[in-house]
Amino acid sequence: MPDTNVLDVKNLSVSYSTPRGDLKALRNVSMAIGQKKIVGIVGESGCGKSTLISAIIRLMANNATVHSGEILFHNSNLLDFKEREMRALRGIDISMVFQDPMQTHNPVLTIGQQMIDIQYRDKLSKSKKRQRAAEMLSLVGIPDAQARLNQYPYEFSGGMRQRIAIAMALMAKPDLLIADEPTTALDATLEVQIIKRLEELQEEIGCSILFISHHLGVIAELCDEVVVMYAGEVVEQGSVRDVFHSPAHPYTAALLKCDPGHIKEKTRNLPTIPGEIPDLVDVPAGCIFQDRCSRKVPQCQVKRPLFEAVNEQHSVACHLNNKNADDSDHKEARG
Amino acid sequence: MLSYILRRTGLALVITVLAVSLLFVIIHMIPGDPVSTMLGPKASPELRAALEERMGLNEPLLIQIGLFFANMLRGDLGIDVFSNRQVTDIVLGQVPYTLTLILTSIGWSAIIGIALGCYSAANRNSFGDRLTGVLSVSMIAVPAFVVSLYSLLFFAVTLKWFPAIGAGEPGDFGDQLWHLVLPSLAIGLSWVGYIARLVRASMLEIMGEGHVRTARAFGLPERWITYRYALRLAILPTVTVIGVGMGFLLSAAVFTEIVFSRPGLGKLVIDSITTRNYPVVMGSVLFSTLIFVASTTLADIINALLDPRLRSAR
Ligand SMILES: Nc1ncnc2c1ncn2[C@@H]1O[C@H](COP(=O)(O)OP(=O)(O)OP(=O)(O)O)[C@@H](O)[C@H]1O
Ligand SMILES: [Mg+2]
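These protein sequences, in sequence, are chains A and B.
Residue numbers for the first sequence follow our numbering, beginning at 1 and rising by one.
Residue numbers for the second sequence follow our numbering, beginning at 1 and rising by one.
The hints are simulated quantities; they were obtained by calculation from the structure and are not laboratory data.
Warning: the hint list may mix true and false statements.
[Claimed, not checked] Using C-beta positions, here's what the derived DEER-type ranges look like:
no., chain 1, residue 1, chain 2, residue 2, range
1, B, 160, A, 84, 50 to 60 Å
2, B, 159, A, 19, 26 to 36 Å
3, A, 84, B, 261, 48 to 58 Å
4, B, 10, A, 127, 35 to 45 Å
5, B, 244, A, 132, 42 to 52 Å
6, B, 126, A, 68, 25 to 35 Å
7, A, 21, B, 137, 29 to 39 Å
8, A, 150, B, 158, 56 to 66 Å
[Unchecked claim] Every beta carbon over 12 Å from chain A, so not counted as near; a handful from chain B, in silico:
no., residue
9, 62
10, 73
11, 108
12, 119
13, 130
14, 139
15, 141
16, 155
17, 209
18, 230
19, 236
20, 273
Predicted model only: the values in this text are computed from it and were never measured.
Just so you know, even glycine gets a beta-carbon here, dropped at the ideal spot from N, CA and C.
Use the sequences and the hints to build the structure in full.
Shown next, in the form of structure tokens:
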């Protein structure tokens, strides 16, 4: 099985050095993306989603350190790659759509120039490259693409810039597309359109997608699998069906309850999970979610739950998953 | 773009009018009276009255300013009371020397400063970066006239590598260039440090922005990212500072021209102030103002060429 995965992240730990001490943004994170699969990552703000993807493409903040783990892309560990090898991969094999569309493009170069520049490895004529850029823009639903290539980023709305970012990322037909909240700047109808387009393009290109979103509805619509992160750890993962229909982690259950898509009555205040993410500089012992968990048992304070299978495609890190709580010592020793 | 240039030039004209009026008033408030300077204290009242009449000194201030502008538009800045030559001719004769000096100084210092700034930003916290930092701060700290004096003593008097005084033989380009080396070193040196620091800071800021990360995520070569994607943005504040810095350059040029006995606006201003030659003072200060306004305007226009967002602003 593992050799069919495009991406395999194993026990990745990343921290940021801050004046207060090391902020352990990712702790023992493991996840995988199969060929032509779309995997979603959900989790509250600050749970480490962007940190994970910046580690994958190895464009991390200056104060970030990878402490341990492997990031296998087609079975080679990206963490061992030289910068030059990494650069050869970026934009061709792995491409990115970053979170903030207003910051994504160079403000003083036209969109056309930037889209031509990223094709610098191709030995095509400039007009061919331009043609290709225009086609790509039309594909993501930007009308009058030829003329728009001559415009600067500030002449586009946030939603359009996000679509341009998607167009740029897909232009080289990558094996893996990583998209960090690519639909947050879009309104609901546009979001649906873009998701549809993304599905079609994925089908056509045959790439895998790692898709990050706050929006559970979008994940449910688009993804095959979902990874639920909380405060720098993966707490549950599995097929979208399993995780969304029978969440095994209280955090996932709480997230689903808070999702606006689930709420029938009109309300001004969306429900939120009470409490806050624990301090990642001084990570408490035991289960990372214990402070906010409505179903906590005494064990949660002392022991970190291990990842265990609920079924073949679904696993969770929660003490409640153990049918027999006393049995867990035994299981941990085994794991 | 054209509309931006027109708007910006319009603004420059308004600024010029205000600045020149202000200058006119200030020069009028300088104690001492041009008529007695020219005619000596024992001149007869009739003679004094005649000269005052000729110079328009009897009119109210506003009328004098109006007349001044009217004449200025015709290229007439009055007559030098001592030599009886047109002030415009006198000043225009000196402007090229000062402009050449200033442009050479800012030219070499900008090229080296920008290169050092880029190097420092690209190799942040390396030994080279720290060394550049220390050197830059020392360069900024030394005033131009100190560099003038010491470089004159060392390179011209002791080593005799460069000529000590003058601007070189007219028409002999090589000789003129030779005479430019020390003065432009003196004026430009602190700018090297200043520009290096400025470019380093803005490069570091820009290199941390999202679009640079995007460019990297597409595997663009680092050199390309630095010079095509980042420098173009990072240079904007430097262009503005150089534009405004023309004022400082002009005053640095005054000292330097005196130390090296070079002809130029600076020397002209000092000479005409010491002799209370008001029309010439007014004329040379006027040209300095024009140079200053033109350079800030040009800086803004260059920035607008580099950054499309500035063009469209309002
Ligand atoms: N450069 C940095 N230095 C210090 N701490 C950082 C840095 N970048 C991120 N962090 C911290 O690391 C944690 C994870 O951040 P990250 O940006 O990965 O979260 P995220 O899941 O992407 O959140 P969001 O949904 O808001 O984008 C947060 O606590 C954040 O404050
Ligand atoms: Mg994020």
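Evaluation of the provided hints:
1. 160/B with 84/A: 50 to 60 Å: Because 51 Å falls inside the window, the suggested range holds.
2. 159/B with 19/A: 26 to 36 Å: violated (52 Å)
3. 84/A with 261/B: 48 to 58 Å: At roughly 57 Å between Cβ atoms, residue 261/B and residue 84/A fall inside 48 to 58 Å, so the hint holds.
4. 10/B with 127/A: 35 to 45 Å: holds (40 Å)
5. 244/B with 132/A: 42 to 52 Å: holds (44 Å)
6. 126/B with 68/A: 25 to 35 Å: holds (28 Å)
7. 21/A with 137/B: 29 to 39 Å: The hint (29 to 39 Å, Cβ to Cβ) holds, given that residue 21/A and residue 137/B are roughly 33 Å apart.
8. 150/A with 158/B: 56 to 66 Å: holds (60 Å)
9. 62: holds (46 Å)
10. 73: Non-interface label stands for residue 73/B: nearest chain A Cβ at 39 Å, farther than 12 Å.
11. 108: Holds: least Cβ distance 26 Å, greater than 12 Å.
12. 119: holds (18 Å)
13. 130: holds (17 Å)
14. 139: holds (28 Å)
15. 141: holds (30 Å)
16. 155: The claim stands: residue 155/B keeps its Cβ more than 12 Å from every Cβ of chain A (closest is about 41 Å).
17. 209: violated (6 Å)
18. 230: Check fails; 9 Å does not lie beyond 12 Å.
19. 236: Non-interface label on residue 236/B violated, nearest chain A Cβ at 9 Å vs cutoff 12 Å.
20. 273: holds (45 Å)
Hint compliance for this structure: hints 2, 17, 18 and 19 are broken, all remaining hints hold.
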